[in-house]
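As given, the protein sequences belong to chains A and B, one line each in that order.
By the count of full-length UniProt numbering, the first sequence reaches residue 349 at its end, each step adding exactly one.
By the count of full-length UniProt numbering, the second sequence reaches residue 349 at its end, each step adding exactly one.
For the record, the hints were derived by calculation from the structure and aren't laboratory data.
In this text the structure is predicted, and so the values were computed from the model without any measurement.
When chains are identical, the list treats them as one kind, so a pair holds in a single copy or across two.
In silico DSS-like pairs for lysine-lysine, Cα to Cα no more than 27 Å straight-line:
(1) K299 - K281
(2) K213 - K240
(3) K213 - K273
(4) K281 - K240
(5) K125 - K299
(6) K273 - K240
(7) K273 - K223
There are 2 protein chains.
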Amino acid sequence: MAETKVVEKVKNKQVKAKDYITGNPKETDMYLSSSTISLQLPPEASNAVLVKNLYLSCDPYMRGSKKPLKDRVFDTFVPDSVIVGYGVFKVLESKHPDFKTGDLLWGVTKWEEYSILTNTENFFKIDHTDVPLSYYTGLLGMPGMSAYVAFYEIGAPKKGEYVFISSAFGAIGQLVGQLAKLMGCYVVGSAGSKEKVEILKNKFGFDGAFNYKEEHDLDAALKRYFAEGIDIYFENVGGKMLDAALVNMRRRGRIVVAGMISQYDISEPEPIKNLVSIIYKQVRIEAFTVFDYYHLYPKFLETMLPYIREGKVSYVEAFAEGLDNGPAALEAIFTGRNPGKQVVVLSHE
Amino acid sequence: MAETKVVEKVKNKQVKAKDYITGNPKETDMYLSSSTISLQLPPEASNAVLVKNLYLSCDPYMRGSKKPLKDRVFDTFVPDSVIVGYGVFKVLESKHPDFKTGDLLWGVTKWEEYSILTNTENFFKIDHTDVPLSYYTGLLGMPGMSAYVAFYEIGAPKKGEYVFISSAFGAIGQLVGQLAKLMGCYVVGSAGSKEKVEILKNKFGFDGAFNYKEEHDLDAALKRYFAEGIDIYFENVGGKMLDAALVNMRRRGRIVVAGMISQYDISEPEPIKNLVSIIYKQVRIEAFTVFDYYHLYPKFLETMLPYIREGKVSYVEAFAEGLDNGPAALEAIFTGRNPGKQVVVLSHE
Numbered sequence: 001m002a003e004t005k006v007v008e009k010v011k012n013k014q015v016k017a018k019d020y021i022t023g024n025p026k027e028t029d030m031y032l033s034s035s036t037i038s039l040q041l042p043p044e045a046s047n048a049v050l051v052k053n054l055y056l057s058c059d060p061y062m063r064g065s066k067k068p069l070k071d072r073v074f075d076t077f078v079p080d081s082v083i084v085g086y087g088v089f090k091v092l093e094s095k096h097p098d099f100k101t102g103d104l105l106w107g108v109t110k111w112e113e114y115s116i117l118t119n120t121e122n123f124f125k126i127d128h129t130d131v132p133l134s135y136y137t138g139l140l141g142m143p144g145m146s147a148y149v150a151f152y153e154i155g156a157p158k159k160g161e162y163v164f165i166s167s168a169f170g171a172i173g174q175l176v177g178q179l180a181k182l183m184g185c186y187v188v189g190s191a192g193s194k195e196k197v198e199i200l201k202n203k204f205g206f207d208g209a210f211n212y213k214e215e216h217d218l219d220a221a222l223k224r225y226f227a228e229g230i231d232i233y234f235e236n237v238g239g240k241m242l243d244a245a246l247v248n249m250r251r252r253g254r255i256v257v258a259g260m261i262s263q264y265d266i267s268e269p270e271p272i273k274n275l276v277s278i279i280y281k282q283v284r285i286e287a288f289t290v291f292d293y294y295h296l297y298p299k300f301l302e303t304m305l306p307y308i309r310e311g312k313v314s315y316v317e318a319f320a321e322g323l324d325n326g327p328a329a330l331e332a333i334f335t336g337r338n339p340g341k342q343v344v345v346l347s348h349e
Numbered sequence: 001m002a003e004t005k006v007v008e009k010v011k012n013k014q015v016k017a018k019d020y021i022t023g024n025p026k027e028t029d030m031y032l033s034s035s036t037i038s039l040q041l042p043p044e045a046s047n048a049v050l051v052k053n054l055y056l057s058c059d060p061y062m063r064g065s066k067k068p069l070k071d072r073v074f075d076t077f078v079p080d081s082v083i084v085g086y087g088v089f090k091v092l093e094s095k096h097p098d099f100k101t102g103d104l105l106w107g108v109t110k111w112e113e114y115s116i117l118t119n120t121e122n123f124f125k126i127d128h129t130d131v132p133l134s135y136y137t138g139l140l141g142m143p144g145m146s147a148y149v150a151f152y153e154i155g156a157p158k159k160g161e162y163v164f165i166s167s168a169f170g171a172i173g174q175l176v177g178q179l180a181k182l183m184g185c186y187v188v189g190s191a192g193s194k195e196k197v198e199i200l201k202n203k204f205g206f207d208g209a210f211n212y213k214e215e216h217d218l219d220a221a222l223k224r225y226f227a228e229g230i231d232i233y234f235e236n237v238g239g240k241m242l243d244a245a246l247v248n249m250r251r252r253g254r255i256v257v258a259g260m261i262s263q264y265d266i267s268e269p270e271p272i273k274n275l276v277s278i279i280y281k282q283v284r285i286e287a288f289t290v291f292d293y294y295h296l297y298p299k300f301l302e303t304m305l306p307y308i309r310e311g312k313v314s315y316v317e318a319f320a321e322g323l324d325n326g327p328a329a330l331e332a333i334f335t336g337r338n339p340g341k342q343v344v345v346l347s348h349e
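So here's chain A without its partners, still in its complex pose:
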C-alpha cells in the first residue's frame, strides 16, 4: 500500500537574467522572481542535492565578453534563467553518495534561496567552521585557490624574489601580494586609484604601489620600483602594462596570466610589441584556470587556514543582505569602488 507523503512547498525567491550580457553587468540586467519549491528531491533526481543557499559570491568573471571564454565551466547569464555563481550552501537532502543532510558545502550554485544541484563535480565540503563561513566565497574559495595556484604552482616563487602584481587590489591580486610577502618577496602592485594604492601599502603590506592612471610611461614606473627587474609578474591587465613588464623581466622570470582585463571589451586586442624579449631572458608566460588545480584544495587549506587563524592575512568583506540587494551588489564590484570581497547574504545558517 503506497504511502503518500505530503511535501511542504515553500516560496523560493530568485534572481534571473533578462538576457545574455556583454561587458559588465548592471542591476537592470537582472530581475527578482519568485517560484515555489518542494523541499524534497524528486525520485528521478539521482546524484542530486537539495540545498539551502547561505552566501552568494560576486566575482569579476560574472560578466560578458566579446570573445566567449570557450572553456568556461558554466554560464552566469542565460535569458530568464537563474544567475549561476559560486556560493556557500547547506545540504537539506542528498542523493549523492559524497554528501549528506547537514553538510556545508561551497561550489557552483544559483542565485535563489533553495536549489536542486546536479553538477556536483566541483563541490567542496567545509570541514573548518572556526573561520567565517562567508570566507568560502573568497579567501578559502575559488578566488583564494586562484591566488594560491597563481603564486605557488605557476609562479614557483623563491624567497627574496621581486614580484609585480597588476590589478593588485582585486580579490586575487590582494592575496597573491600577501602570500608573496609571507614568503619573503619584494612586492609592488598597480591599481586604479590613490585610495587603492594607499590600502595596498598600508593594509596589505606591499613594499610599493602605484596608480597606473597617473603614469605616462609604464616602463619608467616599473624601472622605478624594480631596478633589478621582475622575477614574477602576476598579469591581470594585458596591453600596455604587459608590454612594459616584458622588457623588465629578469632572467628566467615568470609571467603568471590570470587575465587581461584591458583586452576583453575591445574588438581587436592591442598588439604586444615586446614578446621577443622573452628570448633574451628565458621567460615563461603561463595562463591557467583554477579548475585544473582543484585537486590541490587540501594542500591549499593547510597553507591558508593557519595564516587566517594567526591573523597573517588581511581580508575585507562587504555584505549585501538578501537576494533583493544581489543585483546592485553584483553591479557594484565592476564600478571599482567596493572596499572588499562582495558577498550576498541569504541566511547565516
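Please build the complex by placing chain B on the supplied structure of chain A, with the hints as guidance.
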C-alpha cells in the same frame, strides 16, 4: 739544477674576425691568419688545457643581431680575434683536474689548429666513440641537447599529441620532429623551400610539411594540418607565424621558444596580435637556453645513443675540409642551401 726543456713551436693556422658583425656572416668578414704555438702549457696556466681541434661546428647562432643577446656565454666575432664556437678536440696537455692527455672533448673552442682553453666549464668528455666524432658538434652536441631540452623538458610531450615545428629544416627542428615521431606524436613542419618540405616528409618522416613562402594565410595553413589544434609548437620564427599558431593552440598547449629568427634583423619587432588567446586555452609559452640544462647531458645520451645506434634518427652532415674552407662553410649555412649540419674538419684524430 734547473733542467731546460726545449719545447717544439709549431705553426697554428687561425680564422679571425675582421670586425664585429651585424646580421649573417659572410666569408669576407673573416680572414686566415697564422701564428706559432708552443705545444706545452705555460707554467702560469692553471686549470687550462692545451688541445688539438678536430671538428668545428657552424651554427645559426654565429651571427650578429641588432639586439645583443645579453646572456650569451661567448662572442663569436671580436675584431682581430680568433672565431669562437663549438667543436670537438683532443687534449694534448691538461692542468685541469677533470681532464687528461688523450681525452676527447666537445665544447666551446676556437677556430684554429691548437688552442689553449681556460673556459672549461661547459666541456663534455666524449666516452662513446662508436659513433662518428663529428656528431658531437650536432646530434650529440649543443644542437642535439637543445632539441632534447626543447622537446622533453619544455614541451612535456605525451604520446599522440599534435606537434608543429617552424623552421623545421634547421638542425634543432629536424631533431625535434624526429623525437616527436619516435614518441608517437603527429608532426608537421614549415620550411622555406619545396626541396626542404620534401625532405622533411620523405627523409625525416614528418606527417606533413609546408612551404611558408607559398602560404598567403598561415592561419588557414595551420588549420589544414591541425583540424583539432596544436599541443606543442616549437617556435623558431616569431612574427606572423607565432600569431597564426597562437590562435590554433589546444587547451593547455605549450609554445617552446628556441628563437624568433624573423625578428632579429628588424629595428622594431613585429607586434603580436593574438597573445590574449593564451587565456582561453591556458597556454604556456616558454623560452629557454640550453646552458641551463647541461646537467641533463648524461640523460640525453641515454636517450640519443640507442636511437643513433639503432638507426632511428636521420642525420646529414656536410664537411668542409680544412680551416681555409671554414669562412665559406660558415657563410653557407645562412644562405639556406646546405643539406645538413655543416662541419669544418681540421683533423680526424
